[in-house]
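Given the coordinates of chain E, work out where chain A should sit on it, guided by the hints.
Protein chains: 2
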Amino acid sequence: MEQQISMTTLAVPDVAEARRFFEEGLGWTVAAAPSPEVVFFQIVGSIFALYSREALAKEIERPVTEDTTGAFTLAWNARSDEEVDQTFKKAVSAGAKPVKQPEKAFWGGYSSYVEVPGGHLLEIAHNPFWTIDPDGAITIPPEQ
Amino acid sequence: MEQQISMTTLAVPDVAEARRFFEEGLGWTVAAAPSPEVVFFQIVGSIFALYSREALAKEIERPVTEDTTGAFTLAWNARSDEEVDQTFKKAVSAGAKPVKQPEKAFWGGYSSYVEVPGGHLLEIAHNPFWTIDPDGAITIPPEQ
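Line order of the protein sequences matches chains E and A.
Count the first sequence with my numbering and you get residues 1 to 144, in order.
Count the second sequence with my numbering and you get residues 1 to 144, in order.
Here chain E stands alone, though its shape is the one from the complex (with noise of 0.2 Å):
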């Protein structure tokens, strides 16, 4: 079993509030949309989905929680504190509510939260010590 998540999937309450913060706030592509309870985008080895809370309360045969703070977190990493500082206001200007304005964090790096649409949390943060690669794929590097 490979160490690799495949698919990081939201279920929201609104597909197409959701879609149109990540490809219009955001600028995102889309890169397939099969039904309009379900949105896909690639992302780096990596795909990231928009779901229909309905639409997963019946795939996965239990109730979907509504509470979708906090339970988990998504983060989206940037290569200096300027760039989580212009990413922040992009988020919020885009429709994210502010959660934690970016500040100095107590692991040595840079963070801010902001709630994008659906209630989900997503922390945009400078960390100097993972490498980010050209092509945006994020490292940790050896321990010490």
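To be clear, the hints were calculated from the coordinates, so they are not data collected in a lab.
Every residue, glycine too, gets a C-beta built ideally from N, C-alpha and C.
Watch out, some of these pointers could steer you wrong.
[What the hints assert, rightly or not] Here are the simulated EDC-like pairs of lysine to aspartate or glutamate, each with C-alpha atoms no more than 20 Å apart in a straight line:
| # | chain 1 | residue 1 | chain 2 | residue 2 |
| --- | --- | --- | --- | --- |
| 1 | A | Lys58 | E | Glu103 |
| 2 | E | Lys89 | E | Glu115 |
| 3 | A | Lys104 | A | Glu82 |
| 4 | E | Lys97 | E | Glu2 |
| 5 | A | Lys100 | E | Glu115 |
| 6 | A | Lys58 | A | Glu82 |
| 7 | A | Lys58 | E | Asp67 |
| 8 | E | Lys97 | E | Asp67 |
| 9 | E | Lys89 | A | Glu54 |
| 10 | A | Lys97 | E | Glu115 |
| 11 | A | Lys104 | E | Glu66 |
| 12 | E | Lys58 | A | Glu103 |
| 13 | E | Lys100 | A | Glu23 |
| 14 | A | Lys100 | A | Glu115 |
| 15 | E | Lys100 | A | Glu103 |
| 16 | E | Lys89 | E | Glu23 |
| 17 | E | Lys58 | A | Glu115 |
| 18 | A | Lys89 | A | Glu115 |
| 19 | A | Lys58 | E | Glu115 |
| 20 | A | Lys89 | A | Glu23 |
| 21 | A | Lys97 | A | Glu23 |
| 22 | E | Lys90 | A | Glu2 |
| 23 | A | Lys90 | A | Glu2 |
| 24 | E | Lys97 | E | Glu66 |
| 25 | A | Lys90 | E | Glu2 |
[Unchecked claim] Residues of chain A clear of chain E, computed beta-carbon distances all greater than 10 Å:
| # | residue |
| --- | --- |
| 26 | Gln4 |
| 27 | Arg20 |
| 28 | Phe21 |
| 29 | Glu59 |
| 30 | Glu66 |
| 31 | Asp67 |
| 32 | Ala71 |
| 33 | Asp81 |
| 34 | Ser93 |
| 35 | Tyr110 |
| 36 | Gly136 |
Then chain A, alone, in the frame of chain E:
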């Protein structure tokens, strides 16, 4: 803003228990564990993390829901239906709860769901329409 999710983080009540599942149960290698509250795994072009629910609540300055079921899912994709069967069994024997047995899925693939320690859902699936590179990177082909 590159189209990328840099890190997927699960907030869990017991980090050591969740770590045991991935490290000992699934055989994954920990890239870094800078404190007892957090564990990082290198995945393909991205990072997967386990994080103390209490520590996350403190960091984001808001309560973190204890209801972790279904508001999102992660996926691990296999290269065949048989590998789905094998991996589902491996996950269950490693301590995951079976949620949905492997079966032909409405979208044309073969899919199962388990609940990993901490309460989050992991889909174990084979999608014959998507490409998995030798290094585990998963790619959505252009729409036909």
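Which numbered hints turn out to be false for this structure? Of the numbered hints given earlier, those the structure breaks are 4, 5, 6, 9, 10, 11, 13, 15, 23, 26, 29, 30, 31, 32, 36, listed in rising order.
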